[in-house]
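S.K.: In this note's numbering, the protein residues as written are 22 to 133.
If you are wondering where the hints come from, they were derived from the structure by calculation, not from laboratory data.
Each hint should be verified, as a subset may be incorrect.
Claimed, not checked - Estimated spans, in silico, between C-beta atoms of each pair:
hint, residue 1, residue 2, range
1, Gly124, Ala42, 30 to 38 Å
2, Thr68, Met97, 17 to 25 Å
3, Thr125, Ser74, 33 to 41 Å
4, Glu89, Glu114, 17 to 25 Å
5, Ala59, Asn129, 36 to 44 Å
6, Gln73, Thr125, 40 to 48 Å
7, Val28, Gly124, 40 to 48 Å
8, Gly124, Asp55, 31 to 39 Å
9, Asp23, Glu89, 21 to 29 Å
10, Val108, Gln63, 15 to 23 Å
11, Ser74, Leu96, 32 to 40 Å
12, Thr86, Gln66, 17 to 25 Å
For clarity, every value in this text was computed on a predicted model and none was experimentally measured.
Glycine is no exception: its CB is placed at the ideal position from the N, C-alpha and C atoms.
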Amino acid sequence: MDATTAVAGSTPAFFAVIVDAMIDAAVAVGVPRDMARAMMVQAMQGTATLLQSGMHPAVLKDQGTSPEGCTIGGLMILEEAGVRGHVGRALREAVTIARLMDGTRHVNDTRQ
């Protein structure tokens, strides 16, 4: 297996964990679960459409934030928690395992 196999095969589960956490958080603040799920699915579809149109993820993120707004506040929590690094490491670990299964190694593998 190569990196593309792990990237394509693992990312749906990673996205599902993120969406599931967001649904639970929405329920925790009072949104009914069915409505929260529908909102998250719509948000993912809308995001995918914008990214498929060629919009860079950083541009999408920046366009969705405003000074002292709720989005930038939430993003700061994610950044302070190191979510970006953890997500990257999770994907690199999936690729590393795929390569180990195939008997190959790479300089950026998570296991040396």
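S.K.: Now tell me, hint by hint, if it's right for this structure.
M.R.: The hints, checked one at a time:
1. Look at Gly124 against Ala42: about 35 Å separates their beta carbons, and that is inside 30 to 38 Å.
2. Checking the proposed 17 to 25 Å range against Thr68 and Met97 shows it holds: the Cβ atoms sit about 20 Å from each other.
3. Distance hint check for Thr125 and Ser74: the Cβ-Cβ separation is about 35 Å, which falls inside the suggested range of 33 to 41 Å.
4. Separated by about 36 Å at the C-beta atoms, Glu89 and Glu114 break the suggested range of 17 to 25 Å.
5. Judged by the Cβ atoms, the range 36 to 44 Å given for Ala59 and Asn129 holds: they are separated by roughly 38 Å.
6. Checked against the hint of 40 to 48 Å, the pair Gln73 and Thr125 fails, with Cβ atoms roughly 31 Å apart.
7. Distance hint check: the CB atoms of Val28 and Gly124 are about 19 Å apart, inconsistent with the given range 40 to 48 Å.
8. Range check, Gly124 to Asp55: Cβ separation about 46 Å, and the 31 to 39 Å hint is violated.
9. For Asp23 paired with Glu89, a C-beta distance near 45 Å fails the hint of 21 to 29 Å.
10. Under the hint 15 to 23 Å, the C-beta atoms of Val108 and Gln63, about 22 Å apart, fit the expected range.
11. Against the hinted window of 32 to 40 Å, the Cβ-Cβ separation of Ser74 and Leu96 comes to about 22 Å, which falls outside the hint.
12. The beta-carbon spacing between Thr86 and Gln66, approximately 21 Å, falls within the hinted interval of 17 to 25 Å.
The structure does not agree with the numbered hints 4, 6, 7, 8, 9 and 11 stated previously, though it agrees with the rest.
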